[in-house]
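Position chain H relative to chain Y; hints supplied.
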Amino acid sequence: MPEIRVTPLGAGQDVGRSCILVSIAGKNVMLDCGMHMGFSDDVSPPDGRLTCAASSSHFHLDHCGALPYFSEMVGYDGPIYMTHPTQAICPILLEDYRKIAVDKKGEANFFTSQMIKDCMKKVVAVHLHQTVQVDDELEIKAYYAGHVLGAAMFQIKVGSESVVYTGDYNMTPDRHLGAAWIDKCRPNLLITESTYATTIRDSKRCRERDFLKKVHETVERGGKVLIPVFALGRAQELCILLETFWERMNLKVPIYFSTGLTEKANHYYKLFITWTNQKIRKTFVQRNMFEFKHIKAFDRAFCCPWAPSPSTSGGHVVFATPGMLHAGQSLQIFRKWAGNEKNMVIMPGYCVQGTVGHKILSGQRKLEMEGRQVLEVKMQVEYMSFSAHADAKGIMQLVGQAEPESVLLVHGEAKKMEFLKQKIEQEFRVDCYMPANGETVVLPTSPSIPGGISLGLLKREMAQGLLPEAKRPRLLHGTLIMKDSNFRLVSSEQALKELGLAEHQLRFTCRVHLHDTRKEQETAMRVYSHLKSILKDHCVQHLPDGSVTVESILIQAAAPSEDPATKVLLVSWTYQDEELGSYLTSLLKKGLPQAPS
Amino acid sequence: MAAHLKKRVYEEFSKVVQQPQEEIATKKLRLTKPSKSAALHIDLCKATSPADALQYLLQFARKPVEAESVEGVVRILLEHYYKENDPSVRLKIASLLGLLSKTAGFSPDCIMDDAINILQNEKSHQVLAQLLDTLLAIGTKLPENQAVQMRLVDVACKHLTDTSHGVRNKCLQLLGNLGSLEKSVTKDAEGLAARDVQKIIGDYFSDQDPRVRTAAIKAMLQLHERGLKLHQTIYNQACKLLSDDYEQVRSAAVQLIWVVSQLYPESIVPIPSSNEEIRLVDDAFGKICHMVSDGSWVVRVQAAKLLRKRTAHERAKELYSSGEFSSGRKWGDDAPKEEVDTGAVNLIESGACGAFVHGLEDEMYEVRIAAVEALCMLAQSSPSFAEKCLDFLVDMFNDEIEEVRLQSIHTMRKISNNITLREDQLDTVLAVLEDSSRDIREALHELLCCTNVSTKEGIHLALVELLKNLAKYPTDRDSIWKCLKFLGSRHPTLVLPLVPELLSTHPFFDTAEPDMDDPAYIAVLVLIFNAAKTCPTMPALFSDHTFRHYAYLRDSLSHLVPALRLPGRKLVSSAVSPNITPQEDPSQQFLQQSLERVYSLQHLDPQGAQELLEFTIRDLQRLGELQSELAGVADFSAAYLRCQLLLIKALQEKLWNVAAPLYLRQSDLASAAAKQIMEETYKMEFMYSGVENKQVVIIHHMRLQAKALQLIVTARTTRGVDPLFGMCEKFLQEVDFFQRCFIADLPHMQDSFVDKLLDLMPRLMTSKPAEVVKILQTMLRQSTFLHLPLPEQIHKASATIIEPAGESDNPLRFTSGLVVALDVDATLEHVQDPQSTVKVQVLYPDGQAQMIHPKPADFRNPGPGRHRLITQVYLSHTAWTEPCQVEVRLLLAYNSNARIPKFSWIEGGEVSPQVETSIEGTIPFSKPVKVYIMPKPARR
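Chains as they are written, first to last, in our numbering: chain Y, 1 to 597; chain H, 1 to 940.
The following block holds chain H by itself, in its conformation from the complex:
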C-alpha cells in the first residue's frame, strides 16, 4: 500500500495537470520542476572564465536537486571537471559532487569510479582533500557495501603519504569512518587484503604535523565509536601524545586514553621508574588527573569532563590525599614540618593529587564548572565520596562567578540525599542565604528542602538564617515557606525540642499572641506544623492561639500546612486527605474503558454517538481533575473527542437537508464548529509535550476535516463562484501537503476521510468547485472515525502566574505616556522550548492588547519539565480618570510548520507552495491576572 501510494505521489509530482476548460487559467496546478542538468550544462558552457564558472556553480549550489536528476547533474559536472584547469573551480565541483551524493534517494555508487579516477590525476592538494571528502560522503552513504569500503580504504592508504596535511587529514578521516570493522572479511576478488586500519592510523600518531596527529587520534576514536575494538598497544602510543606540544593533540589524546582505559580496565601496566604495576584504568585515571593541571585550558576542560565519567569509588580517596599536605593555613605551620612532607611527594608523580582541588581552583570558569559537574557525577555514584567532597563543594559557594556558584548549589542538591551536613558546613551553606542574587537564594532554598541536618542546633540555625533572609528579601516569602515545610517534615524529632522556644511559650505565663500576618511567624508555624504531622506529641506544646492559627493557615495556605490530628478536635480535613497512595490500575483501567467505548461510535446512530461522546468527555474531564498524573492523557483524549463531537453535530444540522445552495445565513453552528475544531487541534498539537508523530497525523487529519467543513459551509452560504475557486485550490493544496508530509502513516488511515479523498484526488483536481464541494460533503459524512493512539507520556502545558498576585487594592500609579515596570513571576510546566514560545500578553480595558517577548535569560530551569519565568513587563498608557484593571496572561505561541518533517529539497529552495499553510498563532495557557493601574496625566 505504502509503495503504491509513494508511486502515486511521484507520478503526480512531475505531471502537468491542466483543466480541460480554458476558461480559468488561474486554476492550473503546476507541480513540476524544470530540468536541472540541462540548465547547468548551458550555464557551464556559457562560462568564459573560471570566475564565471565558479559563479554559476555557486548559484547552482543554492538550489536543491531532486533525486532522479542527480545522476545527470553529476555527469555534467564530471565532464566539466576534466576540462577545467582552474583548481578553484575543480574544488567547487568536487564539493558539489559530495553534496549531491548525499541527496536522499540517490545511490552514489555509480559516481564512485569517476571520483576515484579523477583523484588519481589530480595535482592540487586542496582539490585532492575535497575529493577525499566527497569519497567519504559516498562511503558513508553506502555502509553495507564492503567492496566499496575496501576500495575507498585502499585509496585513502595510497594518499596517506601526501605532503599536504589537508590530504592526510582527510585520508585518516576516511579510514576512521570506513576502515573495515572485521579483519576476517573474505578477501575480495580484487585481492584487496583487509588492512590493519588501526596500525596504519597508529603510525600517524607521530606525524610531523600536529593537525594530522589530531586527525589520527580522532580517526581512532571514530573507529571506537563504530564498534571496533581498539588494541591495547594504542594506550602507550596515546600516553606519549599526552606530552605533545600542541593542545588539540593533547586534548584528543586524553579522550583516547579514557576510551582505552574503559576497554581494558583490568590490564596491568608497569609504573615507570619503579617495579610496581597497577591496573590500566588506575594508570589512565592518574594521567587524566594530571592533565587537569595542563598548560592549556582547552585540555583542562576536556580532562575535567572525562573525570566525571569515572565510576570507580575506591580511587576517589586519593584525590583528596592532598589534604595531608595542607599547610600554610595556620601561622608558623610551614616552618618546622618540612621533612614530614617527604613521604607524600610520590603522590605528585601519580598525578592524581588534588586533581579536583586544581580543577576547582582553575583560572577559567569553564574548567571549574566542568570540575563541579565531575564532582557531582562521582558523588552521586559513591556516598563515601560525597561525604568527602562536601567541603570542596561548600567552598565553591563562594566562587566569584555566579554561574559556578549556582552550579555547585545544584550539585549539592543532587547529592544531598546521600549526606548529612555537619554544623559548620551548614553554617557556611547558610551564610550564602544573604546573597543578593535571587537565583542563588532560591537554589539554596531548594537545597535546604532536601538536606539532612544532624542536630537541633542545626535546625535552629537554619531557621534563624532563613528568617534573616526573609527580613532582608521579603520577596523570597513563598520559597522560604516551602523550604521550611520540607525542613520540618524531614526533621520532626529535631524540631520537637525547639518548639517552646520557637513559639515562645512559657510554662507559667501566657505570652502575647504573635501577629498572624507576620511572614516570619508564619514561617515558624509552617516548620512546626509540618514537623507535628509525624510527631504526635508536639501539639501538646501548642498554646491556644496556635491552634487558632493552625485552623486559619490550614485554610489559607493549605499547600504548606498539612492536616494534623489534633487532640479534642474533629478532624474535618481528614476526609479530603490528599495523599491516598495513587493506585494506578483502576483509574488507568477506567480511562482505557472509556476510550474503548468510543470505538463503537461508528455503529451508533448520530444521536447515540453524540450522547456517548458527551458523557465520555465528561468522564475524562472528571478523571483528569481527580488524577493529576492522568490529567494529560485524559485532557488530550477529551479534546479529540470534543472535536469529533463538534464535527458530528455540525453534520447533523438541518442545513444539509435543504436542497442545493440556498445561501442561508443560519449556518452559524457549523462554521463555529469548524472554527472551534481548528482551535482545539492547534491546542492538541502544541500545548502537550510528548505528542508523537502518530498523534500529529490524526490531529492534522481532524483539522483537514474541519477545513473541508469550512469549505462546504462557505459554499453553502455565499453567493457567487469566485471566492470558491481560491478556497478549493487552497484546500486541494493542503490535501496534497498532508499527503506528502504523512505518507508513511497513510496506510493506517484506511477508510478515513483523507484516504477516500486521495482516491478521488485526480477527479477533484479536474472538477469544478461546486462538484468538489459535493464530493467533500458526502465523503465527510461517510468517513470513519479514527482512533487516537495515546502516547507514552503526555503532559499539558500549564502556567501559573505567582506575581503579580492580583489582590492589591492600591493601584500602580505612573505618569501617563511613560512606562512602568511590572514584575512578572510565573512557573511553567511541561513547556518545550519556552524561550521561543512563551509570551506575555497585557490587555488594557480599552481592548488594546500588547504582546511581550521575554528575554531568553528570563527563563530558568529549576527541574525537568519545569521552567520559571521572572521578567519585567513594561506598561504604558495614556491618562485615565479612574484606576482600572489590566489583564496579564501568558500565551503559548506556535507555528504550524514547526512539527512537520522537512524535505531536504524544500530547504532554502524556491518558495514552496506550502508557505501559506504555515499558521502562527497563540494559545492562552494561564489564568489571567488583574493588575490595578492608574496612569495619571502628566503635570505641566
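Bound conformation, chain Y alone:
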C-alpha cells in the first residue's frame, strides 16, 4: 500500500523551529529547517542520506535558521528551494544570527560566515506558481503565503500524490502584503501552521486606527513613541502604516528607524514589489512605497543616556530593535524614556516570558535592571497585536480552498490544535492529525495510475455511442498492456499484433434442455420467434440450416436420441459475447412460452 509519512522534527505541537520530514512515494523531503528563538540547544535535523530536497518557506529564523548547519555541518548536499526574496534576505538574517550567537554569546561549534555562503550556493530559487522538477518524478510548486515578504507555501507532488506545506501564512492582507492564495489543488495532505488555532480576529482596521490614533495623540502632545520591533516583517508594515498616515495628515514630526539590517532588507522590499499587495504594486510607478519620506535613519548616538534626544522639544517616533525589549537599542531607549508619562511604548507583538516587554505588558511598573537599579515606568504601555498569522477562520478558509484529503497541524500549541482539529474534522469531514515532535504519521494513499489509450480504440468507442455522459460509467473492451511501467489500453487486435501472438478463439458452449415434443426445426422456429420478440435491439436470425443466431451467438436445436420429448439446445458463444451469451442461456433455461395453439 503506498503511503505518505510525515514526521515533524520541530514545530510538532509547539511553536517555533519548524522542521518537517515528509516521505512521499519513496522520496524524502525536508520542509523548513529552523531554530528556536528561546533555546540554544543544537538543532537536530536528520542526516542527509534520506533527503532528496529541502525547501524553506520564508526567511524567519525559526524556518531557516539551521540551514547552514544542516547543509555544511551535517553534510546535506542536495538542492534547497526558496523563493527569490527569501533567498535574498535569508543570508542577512543568518549572518546577524551568527554574529549574535558567536560574538555576543560566545558560542562555539557554530557555523561560520563561509558556511552561510556555501549553503546559499545550494539554493535553487523558485518563482510563484512555477513547477520545478526536482527529479524525474518529484516536483515542487510555490504559492503566495502573505506573512512576510517572500513567504511561500510549497506543494510537493509525485505523480498524483501531493502534499502542501503552508509554512506561516496570513489570510488577511495587510498594509504591505496580500493574502495567501492557493488553487483547488486537492492534495492528499495539507500541513498547515496553527499558531492562532482558536482565535478569530476582529477587523484589523480598528486596531490600525487605534494604533495611529495613539501615536498621533502622543506626538501631538510632544511625547515620544517607542515601538520595539523585529527587524523584518512587521516592522515594514508598521513603517508603511505610519508613513502613509504621515503623508495623509501632512504631519511633520520625525520618525526614526534604528539602522542595521533594516536598510539592507528595505532595499529588497523595494525590489520585490511584485510580492507586495495591490496598492503598492499599482502605485510604485509614481512612488515606491518603501522609499520612505518621513522615516529617517536613527543615529546610534541618540540612545546614549547622556546624549540629547534628536529633537529635544518636539515629539517623535522611534522604531528600534529588538522587539521584546530584552536587549539592545530598544531597551536603551526604553530606559531613557520610561520616566516621562508623556511618552509611550507600543508593543506590536508577542513577548516571551522573562523579557522586559513581557513584564511591562503584564502591568509591572517597577523594573529591576542589572546593577540593582530600579526603573520606574511612568510612560504609557500599549499592546497592539499585528501578528501576521492566519486565524482559525483563515485556516479553515485555506483548507476549504485547497480541498485536501487530510490535514496535519503543526506550529501551534497542542491544546489549541486539539480544538482546531475537532473543528476541521467536523466541518470538512477529513482526517486531521497533530503529531508531536518525532512522532510519525502514516497516511495510506491510493494514487491513481495514469494509463494511455490508443486513439483508434477511443474513437471506435465514441462512434458506437453518444457522447460519454459524466454521470454514467461506460464499459469499454480493450487489452491492457503493461510494459516498462507504462499502462496502455489498446484494442485486442492491436495488442495481438504488437505482441506477435496469434488469436485464440475461446468459445463457450452450453446445453439447455427443453421439454418440447415437436421437431427440431419447429423448436428452432419457436426459439427464433421467442428470442425475436424479447431481444428487440439485437439482430436475431434464422439460418437456412435450421440454427438461430443472435448477433454472433449460435443456437442449434438437436433431439437427443434417448428422449424425443426433450430437445437439447446447443448455445455457443465467443468469449467476447460472454455477457449476452450468459443472458441468453438463462433466458432459454426459463423455457419457451407455450406455443399458441
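Be careful, since some hints might not be right.
Claimed, not checked - The list that follows gives simulated cross-link-like pairs (lysine-lysine, DSSO-like), each with its CA atoms no further than 30 Å apart:
(1) Y:483 to Y:459
(2) H:158 to Y:459
(3) H:468 to Y:252
(4) H:414 to Y:204
(5) H:472 to Y:296
(6) H:482 to Y:213
Claimed, not checked - Looking from chain H toward chain Y, a few residues come up when the C-beta cut is under 10 Å (computed):
(7) 243
(8) 290
(9) 293
(10) 294
(11) 296
(12) 358
(13) 361
(14) 395
(15) 402
(16) 473
Calculated directly from the structure, the hints in this document are not laboratory data.
Note that the coordinates shown come from a computational prediction; the quantities given were computed from them, not determined experimentally.
For each residue, glycine too, the CB sits at the ideal point set by N, CA and C.
This is chain H only, laid out in the frame that chain Y set:
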C-alpha cells in the same frame, strides 16, 4: 400621414433628380446608392483564392447595406457559401449573414431556412458556432414568431451534443434567448413538442467544459430575464456549482443562486449535517456570504455586489456575530478563553460570519468598494443595521486607497439621517479632517452637514477640529463655513450652552473684540447664528460687538447667516425672508397662462403679436428670477418666444416691401435677427438638461426658419447669382436632412414652415435660386407659429466660478514667456457630460483668446446634477508694462450632430452629405472673472 411621408422619403432616396437645364452641372442633387449585391457578386467571382475572397468580404463588411438590397446580398453570399471550401471564408459569410439579418427594416425569416440548411451540412465547429450565432440574430429579430423560435430551439438541441465547446456554448445561448416561455403553446403542425428548456439547460450544468457550464448558467439567467419562472430544483444544482473549480462558473452560479432565492424566498431547505431547516432565502444568503471569502477576487466582487441587493433586515445581525469572536485585540486575550469560542463555531459553517468584515478587509480594492456599497444599500433600508455598521464604515475612513475612503465617506453621508454618532465615532471621523486630500475633506464636510451629534462635547469637538482644519488648509474656508451652518442649525440646543465659551464672553469683564476678518472667528459666528435662528434665548448671551458683527455678516455672507429676530432691533431683513414655502400652484398657473396667451399669436396683427410676445417674455423672465424651481422652464420658453419675436420683427422690415432685388445694404436688422435666432436655438438645444426629442424638433424648425431668412436676406443684398447656388443647395440639403431626422414628428407640424416646404420640395429642387428665394419668402410669412411643448424636467446649465474670486489687487507676477498656473474652482449645475463639454476660456487684453480643455479627472460629482471643476489653467504671455486683467470664463461646447438620431447605414459609411451641417461651437455660461496678472520681462 406618416406613412405617406415615409413613402415619399424612400421615393426620393432612389430617384435621380436632375435639372432640366444643362447649364449648371454642379447643381445635381444625387441621392442614390449603387447596387450592393451586383458589386459583391462580381467581386466574389473575381476572387481566385480564399484569401482574396476573404479580403473582398472584409471590404464589403465595412460598408452599410440598405434594407431593400439585403435580400439580394444574402442570396449572393449563400450561393458563394455552398461553393466555398475554405472554412475561414465560410465563417466570414456566416457572420455577415448574422450582421445583415440585423439590418433595420429587413425581415430575416426568408433566410432562416437556408441558414438551417447549411448548418446541417457544416463540418467545421467554428463555422457551426458562427452559424448558430447567426440563427440567434435571426431569432431575436423575430420575437413574435413562435414557429421560428421552436424550430431554432430544435436545431439548438440537436447540436448540443457537439464535441466543440464553442458550438455547445452557442446552442445554450440560443436556448437561453429563444427557449419558449410557456410550455402550453399549442403544438405546432410540425409536431415540435415544446421542450422543457430548463431541463435541457440544467443538464449542461455538469458539462465537462467550464465554459459550457458558464454558458448554461448564463442561459438560465437569460431565461429568467425574459420572464420565465425558473424551477426551484435549479437551486440545488446551482449550489453544487458554487464549489466549481473555475471562477467564471462560480461567479455565474452566485448570480443564479441569488435569482432563485428571490423567486422562492419562503421555501424551506434542509441544512446539511443537521435536522434543521431554514428558509431558502436565508440559505442563499449564507452561501453568498460564504463566497465573499472565495479564492478568486472576481467571485468575491460578484458576491459582495449581490449582498447589497438584500433587503431583509433581520439577517443583518448575523453578519456581525463575528464580533463575539473578537480577540487578540488586548494583550493576553487569547490565552484563557479558548473554550468559550466553541459554541460560536457553527457560525463558520453558515458562512455568514463576518462576510462584510471579510469584504471590507479584502486584498483587492474592487471587493472593498463593492462591500462598502453593499453596506450602504443595506443600511439605507434598515436603521438598526445602519447603527451596527457605523463602526465598520468609520474604520474604512482609514483605508489605504483614497477611492475607498471617499466611497465610505459618501456612504456614511447617505445613511447619516438614520444615525447619531457616538462621541468616539465622531472623534475618529473628525480625525480624518486632517487628510491632505481635498476631496476627502470636502466629502467629510458634507458628511458633517447632515450628521446628528448627541452631545455638546461632540459639537465642541467638531468645531475645534474644523477650526484646526481651517488653520491647516485655509482654502477649505467656504466648505467649512457651510458645514458649520448646517451643524448649527441642526443642533441649536447643543450649541446654546457652548455660546459663552465660544464667544469668550465673561460675566463681569468685557473681553477684547475679536478680529472680524479672522476666518476662524467667522466660522464660530456662523455656527452660533445658525443655531440662534431656532433658539430665541441665545441672543441674550451675545455681547455688543457680536450684534455688530452679525449685521456685517448678514450683509456680506447672507447665504451663511440667517435672519435673526434680535431683541430691540428692527428686523429689516424679515421683509425679504427667503423661505416662504414655495406654493407651486399660482406660479405654475401663471406660467401656463402666459404661455397659453401666446397661442393666440396667429390671429393678431404683427404689431399686436410683437407686443404680446414682448410682455410675455418679460413676464417669464421675471418669473424665472422669482421662482428658482421654474427658472428652467421659464427661461426656455422665453428664449423660444424671443426667437419668434425676432423672426416677426425681421419679417416686418421695410426691406421686403421694396420691389425685387435692390441690393440694399440696410438689412442689418434682418440678418442680425437671423444670426441671433441661430444662437438662441443652439443655446436652447444644448444649455438645458432634460430637453426631449419633441423640443429638439421645434428648435431645429426654428433654426431652419432662421436659415431661410438668412438665405432670403443674402439673396436680397448680394449681387450676382453664383453664391446663391451654393446657399440654395445647402439649404435644400438641410431641409432634406431635417425631414429624415424628424420624420416621426412631421405629422405634428401641420401648416408649419417645414410642412409647406416639403410639399413644395419637388418644385424647389428644380427651380432657380431666385424662384426658391421667392417661394421661401412667401412661405416664411405664411407659416404658423408652432407651440413649444414643455418637457417634464428642464434645467438650465449654469456655472459659478468660485476661485479665482477676482477681487485681488495684487497682480499675479510671472516671467513673460513662462507659464503661471491659476487655480480654477467652479461649480456646475445641470451640465450633462461635463467632461467633454465644459471648457475654460482665457481672454487676454489684446483680444487673444485661449481655450483650455480640463482633464476628465478634474471633474467631481458631489451630487445629482451638480459637478465641481477643480483644475489648473496655465497662463502665459509676452511682457506687459502694466499689470492688466485677463478674463476667465467657462464655455459649454456643443456639436449640433450630437442629438440627432443616427441611421445605422450612415455609421462608418461613405461621407454623408450631412457632415457640413454639423456645427461645433461654444456657449459661454458663466460670469467672467477678472484676474489681475503681470508678465514681467525676463531678466538677462
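Evaluated hints:
no.: 1; hint: Y:483 to Y:459; result: holds, 23 Å
no.: 2; hint: H:158 to Y:459; result: holds, 21 Å
no.: 3; hint: H:468 to Y:252; result: holds, 15 Å
no.: 4; hint: H:414 to Y:204; result: holds, 25 Å
no.: 5; hint: H:472 to Y:296; result: holds, 24 Å
no.: 6; hint: H:482 to Y:213; result: holds, 27 Å
no.: 7; hint: 243; result: holds, 8 Å
no.: 8; hint: 290; result: holds, 9 Å
no.: 9; hint: 293; result: holds, 5 Å
no.: 10; hint: 294; result: holds, 8 Å
no.: 11; hint: 296; result: holds, 9 Å
no.: 12; hint: 358; result: holds, 8 Å
no.: 13; hint: 361; result: holds, 6 Å
no.: 14; hint: 395; result: holds, 4 Å
no.: 15; hint: 402; result: holds, 9 Å
no.: 16; hint: 473; result: holds, 9 Å
Checked against the numbered hints above, the structure breaks none of them.
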